[in-house]
Amino acid sequence: METLHSEEMILNIGPQHPSTHGVFRLVVTIDGEQIVAADPVVGYLHRGTEKLAESLQYTQIIPYTDRLDYVAAMLNNYALVHTVEYAMDLEIPERAEYLRVIVMELNRVASHLLFVGAYLLDLGAMSPFLYVFQEREMIVQLFNEICGARLTYNYMRVGGVKWDAPPGWLAKVRDFLPHMREKLKMYDALISGNEIFLSRVRGMGVITQEEAVAYSLSGINLRSTGLRFDLRKKRPYGIYDKFAFDVVVGQNGDCFDRYWCHFLEMEQSLNIVEQALESIPDGPVLGKVPKLIRIPAGEYYTSIEGARGELGVYIVSDGKDKPYRMKLRRPSFVNLQILSKLLIGQNMANMIAILGAVDIVLGEVDA
Amino acid sequence: MSEEKKPAAAPAAKPAKAAAPPDPRVVAATALADEIRASIEARHGAGAVEETGAAKTIPMIRIAPDKWRDVVTFLRDSEDHRYDYVELMAGTDYKDYIELVIYLYSMKRDAYITVKTRTPRDAASLPSLTPVFPGVNWEEREVYDLLGVHFEGHPDLRRIMMWDEWKGYPLRKDYSDFDNIPTRGGEPR
Chain A
1 METLHSEEMI
11 LNIGPQHPST
21 HGVFRLVVTI
31 DGEQIVAADP
41 VVGYLHRGTE
51 KLAESLQYTQ
61 IIPYTDRLDY
71 VAAMLNNYAL
81 VHTVEYAMDL
91 EIPERAEYLR
101 VIVMELNRVA
111 SHLLFVGAYL
121 LDLGAMSPFL
131 YVFQEREMIV
141 QLFNEICGAR
151 LTYNYMRVGG
161 VKWDAPPGWL
171 AKVRDFLPHM
181 REKLKMYDAL
191 ISGNEIFLSR
201 VRGMGVITQE
211 EAVAYSLSGI
221 NLRSTGLRFD
231 LRKKRPYGIY
241 DKFAFDVVVG
251 QNGDCFDRYW
261 CHFLEMEQSL
271 NIVEQALESI
281 PDGPVLGKVP
291 KLIRIPAGEY
301 YTSIEGARGE
311 LGVYIVSDGK
321 DKPYRMKLRR
331 PSFVNLQILS
341 KLLIGQNMAN
351 MIAILGAVDI
361 VLGEVDA
Chain B
1001 MSEEKKPAAA
1011 PAAKPAKAAA
1021 PPDPRVVAAT
1031 ALADEIRASI
1041 EARHGAGAVE
1051 ETGAAKTIPM
1061 IRIAPDKWRD
1071 VVTFLRDSED
1081 HRYDYVELMA
1091 GTDYKDYIEL
1101 VIYLYSMKRD
1111 AYITVKTRTP
1121 RDAASLPSLT
1131 PVFPGVNWEE
1141 REVYDLLGVH
1151 FEGHPDLRRI
1161 MMWDEWKGYP
1171 LRKDYSDFDN
1181 IPTRGGEPR
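Protein chains in written order, with the working numbering: chain A, 1 to 367; chain B, 1001 to 1189.
In short, the hints are calculated from the structure, not lab data.
Accuracy of the hints is not assured; some may be wrong.
[What the hints assert, rightly or not] In silico BS3-like cross-links for lysine-lysine, where the CA-CA straight-line distance does not exceed 30 Å:
| no. | chain 1 | residue 1 | chain 2 | residue 2 |
| --- | --- | --- | --- | --- |
| 1 | B | Lys1116 | B | Lys1095 |
| 2 | A | Lys341 | B | Lys1116 |
| 3 | A | Lys51 | B | Lys1108 |
| 4 | B | Lys1116 | A | Lys233 |
| 5 | B | Lys1056 | B | Lys1067 |
| 6 | B | Lys1108 | B | Lys1067 |
| 7 | A | Lys162 | A | Lys234 |
| 8 | A | Lys242 | B | Lys1067 |
| 9 | A | Lys320 | B | Lys1116 |
| 10 | B | Lys1116 | A | Lys322 |
| 11 | A | Lys341 | B | Lys1108 |
[What the hints assert, rightly or not] Partial list, computed: chain B residues near chain A (C-beta under 10 Å):
| no. | residue |
| --- | --- |
| 12 | Val1027 |
| 13 | Ile1058 |
| 14 | Leu1088 |
Built from N, CA and C at the ideal position, the CB exists for glycine as well.
The following block holds chain A by itself, in its conformation from the complex (with noise of 0.2 Å):
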């Protein structure tokens, strides 16, 4: 008897698709259902962020920062006046640091949020995506306050912070933390018991310890495969030091994982932030930094857990007041390469589950 004849067919997905959360745009060859080869393009949102920065002061490229991953803006402002703050060896005033780290992790705990709602959302779920938008807006509410701005907060200065808190806001963070804390067990209940969602999700889109390590993964992607790296602990920059928390880690590195490590990294998140609410000094908030911010000519890498993985500026100086070079390390972009290993043998159905667990914003990709 003859086996069935089958032809490949060659499938467009985007640029403008609503899941793949952005301009993202993924040609895949498929034979019936299963998939044979996937293509990701990027660069619909590239904007050209390295080269606008070499003709731009260290303070004036900040807010561009906001651009890259732009549900996390906080990480990525951090991790720019971080570098400038490491080659110039400065000095951070104490409450500035506790400031950056209360802003920081709620913006963590903001941006894991979106993804439980917006994988939720891939896999078909509305519902979700709404809830978790009611404690999303209270944490940008509260950056609203702080900063001005709910999505680009151009808050983090090199040499501290913009704005003290306001009177008060403190104490609002300290109330959200108990809020926080019963929503995520409410969720957790909806969600993560879900029948037909693990059915969806466990033992889905595999990634090994060697694999990670071989394709530069970082941040979530890392850690669901067993991996304990995670940059706060292993290289820990600011003031994480002070802090006691969990370095949550997966098992076997499937889509399962990477959803409930984002859970478990909200509880530590949070614990974070009230440690650092019980001991926040008082205090100046800027340090004493130059007018015109002047780097030592030569090169300097740093990095930082961001939200979806390590988020590095690189800078070479030439003594100027603006970069020669600056590349940015987009956890997102890295993390993407792998997809196209994932998807081979899959099942079409299975594509958008596996490409939502990777957790990308496009803004980062493409920089």
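We have chain A already, so just place chain B on it with the hints.
Only chain B this time, still in chain A's reference frame:
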């Protein structure tokens, strides 16, 4: 005249003061880089390493371009080094040459190192690292796209940020062709 001379003498004293206490972290990083250099040269010959030093506090080694892939493979596989994780790859146009730098991390030994190499601006070409580290695939495509470095042995070398009709390499320092950007149809604006 004598009043004018005095302030001129003052800045001359300053560099001498600054040079007196070298940063111990830089000294340690340079010493480590020299150690690694010896280990590379024992394996790949005296010409493999062109320069050692420190990038701020991280040991820095500059490798001859023709040994680029061999030495990076050696740094990944050798039991003494085990630099198995690429943190960053970045290219920079220095007007006389283009420099490619990678920051490596060893998961096993918790150690960092910076490895660089240089290639001339006209006919910029380097061996690709994608066969060694699949994670630099897109990074190399980005360097190719924006800086015009050809990667020998790359499985899929094409533009990644710009579209295929794009002329020139935007991150090069002499790039100024903003007014003649080809449109999607390929015709100048």
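Cross-check of the supplied hints:
{"no.": "1", "hint": "B:Lys1116 <-> B:Lys1095", "verdict": "holds, 16 Å"}
{"no.": "2", "hint": "A:Lys341 <-> B:Lys1116", "verdict": "holds, 29 Å"}
{"no.": "3", "hint": "A:Lys51 <-> B:Lys1108", "verdict": "violated, 36 Å"}
{"no.": "4", "hint": "B:Lys1116 <-> A:Lys233", "verdict": "holds, 27 Å"}
{"no.": "5", "hint": "B:Lys1056 <-> B:Lys1067", "verdict": "holds, 25 Å"}
{"no.": "6", "hint": "B:Lys1108 <-> B:Lys1067", "verdict": "holds, 25 Å"}
{"no.": "7", "hint": "A:Lys162 <-> A:Lys234", "verdict": "holds, 28 Å"}
{"no.": "8", "hint": "A:Lys242 <-> B:Lys1067", "verdict": "violated, 44 Å"}
{"no.": "9", "hint": "A:Lys320 <-> B:Lys1116", "verdict": "holds, 23 Å"}
{"no.": "10", "hint": "B:Lys1116 <-> A:Lys322", "verdict": "holds, 23 Å"}
{"no.": "11", "hint": "A:Lys341 <-> B:Lys1108", "verdict": "holds, 25 Å"}
{"no.": "12", "hint": "Val1027", "verdict": "violated, 16 Å"}
{"no.": "13", "hint": "Ile1058", "verdict": "holds, 8 Å"}
{"no.": "14", "hint": "Leu1088", "verdict": "holds, 5 Å"}
Violated hints, in rising order: 3, 8 and 12; the structure is consistent with all others.
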